[in-house]
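Engineer: Read off the chains here:
Number of protein chains: 4
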Amino acid sequence: MAQTICVGVIGMGWMGQVHSRSYNVIKDRFYDEGLLPKLVICSDNVEARAKEAAERFGFEQYTTNWQEVVNHPDVQIINVATPNGLHHEINRAIAKAGKAINCEKPVGKNPDETISSYEDAKAAGVVTFVGFNYRWAPMVQYAKQLVEAGELGEITHYRGRFLNGYAGDPNNFLSWRFLSEQGLGTLGDLMSHAIDMAHLINGGIDTLVGDKETFITQRPIPTPGVGTHYDKATGKEPKGDVTNEDYVGALVRFKNGARGTLEACRVINGAKCDLSFEIHGTKGAIKWNMEQMNELQFQQKMGDNPAQDGYKTLLSGPAHPYHARFNPGWGVNIGFDDLKVIEAYNFLKSYATGEQREPSFKAAYDVAQVQKAIMRSWESAGWETVQY
Amino acid sequence: MAQTICVGVIGMGWMGQVHSRSYNVIKDRFYDEGLLPKLVICSDNVEARAKEAAERFGFEQYTTNWQEVVNHPDVQIINVATPNGLHHEINRAIAKAGKAINCEKPVGKNPDETISSYEDAKAAGVVTFVGFNYRWAPMVQYAKQLVEAGELGEITHYRGRFLNGYAGDPNNFLSWRFLSEQGLGTLGDLMSHAIDMAHLINGGIDTLVGDKETFITQRPIPTPGVGTHYDKATGKEPKGDVTNEDYVGALVRFKNGARGTLEACRVINGAKCDLSFEIHGTKGAIKWNMEQMNELQFQQKMGDNPAQDGYKTLLSGPAHPYHARFNPGWGVNIGFDDLKVIEAYNFLKSYATGEQREPSFKAAYDVAQVQKAIMRSWESAGWETVQY
Amino acid sequence: MAQTICVGVIGMGWMGQVHSRSYNVIKDRFYDEGLLPKLVICSDNVEARAKEAAERFGFEQYTTNWQEVVNHPDVQIINVATPNGLHHEINRAIAKAGKAINCEKPVGKNPDETISSYEDAKAAGVVTFVGFNYRWAPMVQYAKQLVEAGELGEITHYRGRFLNGYAGDPNNFLSWRFLSEQGLGTLGDLMSHAIDMAHLINGGIDTLVGDKETFITQRPIPTPGVGTHYDKATGKEPKGDVTNEDYVGALVRFKNGARGTLEACRVINGAKCDLSFEIHGTKGAIKWNMEQMNELQFQQKMGDNPAQDGYKTLLSGPAHPYHARFNPGWGVNIGFDDLKVIEAYNFLKSYATGEQREPSFKAAYDVAQVQKAIMRSWESAGWETVQY
Amino acid sequence: MAQTICVGVIGMGWMGQVHSRSYNVIKDRFYDEGLLPKLVICSDNVEARAKEAAERFGFEQYTTNWQEVVNHPDVQIINVATPNGLHHEINRAIAKAGKAINCEKPVGKNPDETISSYEDAKAAGVVTFVGFNYRWAPMVQYAKQLVEAGELGEITHYRGRFLNGYAGDPNNFLSWRFLSEQGLGTLGDLMSHAIDMAHLINGGIDTLVGDKETFITQRPIPTPGVGTHYDKATGKEPKGDVTNEDYVGALVRFKNGARGTLEACRVINGAKCDLSFEIHGTKGAIKWNMEQMNELQFQQKMGDNPAQDGYKTLLSGPAHPYHARFNPGWGVNIGFDDLKVIEAYNFLKSYATGEQREPSFKAAYDVAQVQKAIMRSWESAGWETVQY
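For the record, the sequence lines run as chains A, B, C and D. Using the working numbering, you'd call the opening residue of the first sequence number 1 and step up by one each time. Using the working numbering, you'd call the opening residue of the second sequence number 1 and step up by one each time. Using the working numbering, you'd call the opening residue of the third sequence number 1 and step up by one each time. Using the working numbering, you'd call the opening residue of the fourth sequence number 1 and step up by one each time.
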């Protein structure tokens with residue numbers, strides 16, 4: 001039976017828009033599942049943005065007051081896509097209202113807030129979800145299947161990273177992203193994806209030792225109202241200090257015995273969206289990179305025929321998880337937004353069935369614990385144990 | 001001012017669905033353009049399919065009678081996505097009704113029907129469009145810009161092809177796709193994309209010489225009602241003859257003096273969706289392949305610094321045409337369905353403004369003339385001139 | 001038992017040097033084979049070159065008169081690496097002298113001369129060899145094994161080409177390479193490699209239709225004594241007409257039923273040494289490119305597991321033919337000169353055992369017959385049958 | 001003026017052979033340099049190997065007693081290619097004899113021996129060289145030039161690694177390579193290359209923190225006389241403990257402020273000879289991998305034209321360092337052995353001119369200091385400073 005689920009969305013920037021448009025195609029993409037999200041109300045503190053979103057996506061109402069979304073009597077599930085600093089307070093209010101939450105990552109502006117949000121939701125017994133969207137690439141899901149099926153044997157190495165240059169220009173303004181009082185830098189942002197991917201593919205981390213660096217130490221101070229981290233300064237503005245990290249690196253020992261590294265940087269050159277991993281086991285190996293999200297490199301040891309031992313390039317197609325929801329063709333690419341549709345489906349399905357799927361706030365909590373261990377390691381200059 | 005445009009869709013298989021879902025996101029993806037397509041009525045000869053489509057995409061009505069779509073008083077524009085053999089009759093009816101047409105390729109089951117549809121539409125003065133969707137990849141559009149801006153110098157070579165294995169299994173049923181009385185084989189299907197791409201990137205063809213082959217000469221005869229070319233036989237069915245071509249190849253001389261090849265095959269191994277081109281000029285070269293649709297290989301001669309002469313791999317991003325309509329990220333892939341959205345936008349824009357954009361039925365006519373020249377060459381075993 | 005074989009080399013340009021240095025490492029690289037080539041005499045019409053070669057490689061004597069090499073009483077085998085126009089006369093003299101010949105390609109400046117050289121050698125009963133060196137890449141030899149073992153099933157397509165830009169600068173002098181009275185252009189030079197590779201991998205050609213073009217129609221006339229095709233003009237020299245072809249293309253039908261294309265160009269941009277082939281069969285496919293000569297792309301159909309169907313990248317290693325002669329490491333590249341060592345070994349082995357290996361002048365004859373068919377097709381503007 | 005230099009080689013396994021054959025082509029490859037190495041005497045404790053080497057490479061004498069090589073009155077320079085455990089004693093004797101030394105890496109079986117060898121040679125004032133051969137790839141040398149010329153701007157990241165599976169089979173015998181009393185494991189072997197490469201490309205390391213692991217903890221005990229690490233056991237042999245490390249990882253902070261990682265493993269799957277690096281700066285980035293040693297990935301920021309920002313693939317050619325010594329062709333690969341020829345040339349040139357080139361024992365000393373810091377970090381579980 002088809003089930004209508006009433007939705008509110010808070011924060012109508014890029015991610016709020018992506019979440020909204022994802023709901024609008026669920027009925028089509030997952031037709032046989034009978035999930036019918038209904039866009040009830042959206043909010044943004046900039047009224048024009050809220051209004052435009054309502055028009056674009058068909059929300060019945062809009063508001064500049066997020067509490068109205070939380071308290072709307074019809075709304076059953078709420079997506080949170082505000083700046084990171086507001087997540088914690090909003091999540092708490094939603095949990096209190098007993099509604100399901102899909103919060104963009106990071107769930108809190110720092111690990112403690114994330115942990116707190118997790119505990120709030122757990123106490124309230126609500127369904128949760130977090131926007132670790134790269135998980136949903138069919139080739140990532142397929143990699144997970146291969147690892148779980150033992151196709152790589154016992155895992156010996158895992159390397160994960162997220163190299164991105166979105167903040168690579170020193171003339172990007174000193175937005176909230178660069179200020180420690182408003183949250184972590186790369187560790188909270190890019191690294192959270194790399195950690196979640198490691199958890200998905202290779203499981204928990206036992207101990208680690210981390211490093212960090214800030215390469216661009218000062219940035220132009222924005223005039224109130226303008227100057228997000230995407231805008232560029234004229235060069236004549238006064239400058240202020242960047243107070244959180246551009247780069248994070250870690251050596252990690254996984255619970256399964258594998259060794260490896262995690263790295264992320266927001267000011268790197270060359271890489272565009274290089275969220276990638278390599279995993280090696282006693283029987284095979286896999287490589288994947290978000291920049292070629294429709295491909296997977298897969299190797300299996302050919303003991304008796306080493307002449308045919310090499311990485312195979314697999315192209316996403318209907319035999320891989322979820323791909324056929326989008327098209328029936330081999331080598332016919334799906335896009336990033338499609339990953340958010342899969343995410344929305346899994347959140348809705350969790351809500352509709354009451355069976356919590358992952359990544360929930362528990363997944364965010366796990367990432368937060370790794371982040372905390374990395375932060376402790378920055379202080380101790382030594383190895384730290386992750387406290388899941 | 002926003003403009004509501006009433007839409008009918010005929011034929012609700014994969015392509016009919018893709019066209020319908022494209023309309024549903026136009027308001028969002030091209031928000032500033034004020035185009036508001038409204039899904040009025042769809043049809044399919046299988047009622048369940050029409051009904052499901054109406055539900056999935058929100059058509060107000062559905063029918064099993066395509067004439068109802070054509071004659072619906074509200075409907076202004078109509079998409080045709082039936083089996084190829086019906087295109088001609090339907091296109092003629094739509095043109096007669098004075099409505100705009102977006103017909104999937106091939107416009108006719110053979111070049112003459114395509115030419116006839118073009119003439120019908122021209123006589124009726126209606127806006128037309130054809131589903132040469134691969135054109136719309138941002139990296140293809142960018143390649144076109146580079147060529148037009150002279151970044152490659154004078155063009156010397158162009159190689160285009162479409163290698164696909166969708167019919168590679170000899171146990172695929174002998175559907176209408178394999179019967180000459182129902183239309184061309186690979187020349188009408190895959191090759192039409194390769195020819196259109198050549199026209200887009202490198203312009204018109206002067207003369208050519210072609211070849212063809214059928215590699216799988218017999219296929220199982222389907223029981224009525226089952227057995228499309230995607231289904232597999234048990235192996236016990238009686239077999240019938242394949243009467244159109246699996247493979248087409250041609251040597252071509254372009255009007256601009258470039259030399260090259262065109263090839264297509266529907267039964268090839270290895271390639272998945274290898275619609276690709278290479279273009280070389282006196283100053284540079286470009287390579288593109290649909291299997292990595294978000295990438296472009298671009299080389300420019302480095303006369304004074306040969307140590308730095310090589311192909312650069314560009315990843316689709318917001319500085320490339322249309323990409324920012326889908327996401328603001330570098331290296332954040334868009335998908336195949338997004339190309340159909342761009343196509344729908346350009347068709348709507350043509351209709352709304354009355355300024356015919358390409359690819360219209362004229363583009364299909366041009367492809368048909370190349371197909372006719374290839375067919376003449378099969379007969380003459382010699383070079384033929386394209387009669388645009 | 002080790003066998004000393006006395007060698008003469010005629011023509012000490014790049015290729016003459018490569019041949020000479022190959023002989024010097026045979027004892028080492030093929031130690032167990034007991035082949036001991038001894039460099040007796042070399043010649044070049046430029047004395048300084050002959051003298052330098054004698055010093056570099058340890059020839060006992062040098063001369064400016066190639067007849068001395070032919071007639072030297074000790075010399076048993078002779079390598080011919082002069083400009084193409086002299087090959088025929090020299091080959092004839094060597095055959096008459098009853099000595100073995102390893103001639104660089106093309107064996108004749110045109111196909112008729114090649115055929116004549118073949119017949120001379122056959123009449124004389126001497127061992128012959130030709131410098132189709134790209135054959136010897138371990139990954140090419142391995143590809144041949146895979147095809148012969150039926151790993152690709154029945155072959156349906158073969159595409160071969162040699163794209164190179166060595167003559168891409170219009171200021172390259174009008175050397176002998178660009179004058180028809182001194183021989184063919186690209187058809188004789190680059191295309192001969194592409195044809196030989198097709199013969200090796202996919203066997204004989206039944207019929208074909210060809211095209212040609214000259215893109216750079218005039219070049220600066222060199223002052224006698226300077227100005228090879230590698231030198232550049234000042235731009236003030238008078239210009240003369242290029243009278244042979246820059247580009248050759250052909251559609252081909254192979255004897256085994258496969259269809260495909262052959263192409264070569266000497267003035268192309270982007271490609272550096274793109275001698276490459278793709279071969280597709282009913283069970284698999286292979287791609288190889290000289291620019292990555294240590295790699296092979298190998299696909300096999302995964303009927304029951306399409307999720308794992310893709311091209312595998314194999315890196316040359318000790319399990320592939322000849323690789324272990326050069327190093328015992330996987331992924332440890334060998335180089336182009338090593339291919340000439342393998343060639344020299346096979347020539348020596350042919351001479352030592354009297355069992356003619358390939359590519360002999362027969363292979364050159366076969367290539368010449370394809371060239372002749374292409375030339376006839378230029379005239380007839382239609383399909384021609386190859387007369388092997 | 002040509003200069004004859006008398007050579008001795010100690011240890012005639014793979015590397016001793018490669019060194020010997022390199023000398024034999026110096027006169028040819030570096031003809032204009034006038035360096036004439038003469039192979040006087042070689043030694044190996046297995047007489048048959050010494051004898052074979054003398055025959056293959058043309059040594060005047062051979063012996064089973066390495067002291068004879070050291071003390072031979074004619075010998076001026078000596079290459080050391082024995083098992084690692086003997087290097088120190090032999091190097092000391094050579095230094096004492098006042099002769100030049102080219103020792104394979106690692107110079108000592110552990111860092112202290114390497115340091116000691118460095119000091120011995122320094123005290124004796126002899127020219128030294130070490131077999132960090134991957135340095136000599138033209139594309140690596142070119143990368144170094146680009147970095148030094150500031151083409152990447154200020155360096156922010158460097159990642160180096162050497163992933164190899166040569167010991168990946170648990171049935172490889174427990175040879176000296178796996179026993180700590182005979183030296184380090186991966187840290188001494190593969191990692192030394194990765195560290196030297198980092199020094200070459202990015203300079204000195206300030207501090208680091210390291211990790212290690214042994215994945216295959218037991219291996220079959222070899223019968224005396226058979227069973228190197230390349231041989232395979234029957235599976236019935238008794239097993240002994242592997243007492244040194246399979247894997248080493250480190251986080252590093254370079255003196256120039258860059259952050260990064262170093263990793264090496266000898267039992268990994270998938271990688272064949274993945275000695276690779278990535279370096280990122282404020283203006284550009286470079287990637288290189290020994291598996292494709294003839295290629296370089298080079299990116300430069302395109303501030304004003306982000307649509308054209310991407311990695312360019314450069315193919316080794318005559319405009320890159322040393323390539324033209326081997327062939328004049330673009331995209332015409334050179335091989336691994338050619339790198340050893342370049343190494344031999346630089347050693348000979350150092351000896352002939354008295355101007356010590358790098359990598360000398362000083363480079364090995366520098367690597368040893370990094371190794372020592374990593375070993376200290378294993379103990380301290382914290383960051384350590386490198387004591388160059």
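FYI, nobody ran anything at the bench for these hints, they're computed from the structure. As the structure is a prediction and not an experimental result, all values here were calculated from the model. Any given hint might turn out to be false.
Repeated chains share a single entry, so a pair holds when one copy, or any two copies, can fit it.
[To be verified] Restricting the straight-line Cα-Cα distance to at most 25 Å, the calculated cross-link-like pairs of lysine-lysine (BS3-like) are:
| id | residue 1 | residue 2 |
| --- | --- | --- |
| 1 | K255 | K301 |
| 2 | K301 | K239 |
| 3 | K38 | K232 |
| 4 | K372 | K362 |
| 5 | K236 | K283 |
| 6 | K301 | K287 |
| 7 | K27 | K51 |
| 8 | K144 | K312 |
| 9 | K283 | K239 |
| 10 | K51 | K38 |
| 11 | K301 | K232 |
| 12 | K96 | K349 |
| 13 | K312 | K283 |
| 14 | K349 | K38 |
| 15 | K122 | K283 |
| 16 | K38 | K27 |
| 17 | K301 | K236 |
| 18 | K349 | K122 |
| 19 | K312 | K340 |
| 20 | K283 | K232 |
| 21 | K96 | K287 |
| 22 | K122 | K27 |
| 23 | K96 | K38 |
| 24 | K349 | K27 |
| 25 | K349 | K255 |
| 26 | K144 | K232 |
| 27 | K312 | K349 |
| 28 | K349 | K362 |
Engineer: Return the numbers of the hints above that this structure violates; sort them in rising order.
Structural biologist: Violated hints (numbers, rising): 3, 15, 19, 21, 22, 25, 26 and 27; every other hint is consistent with the structure.
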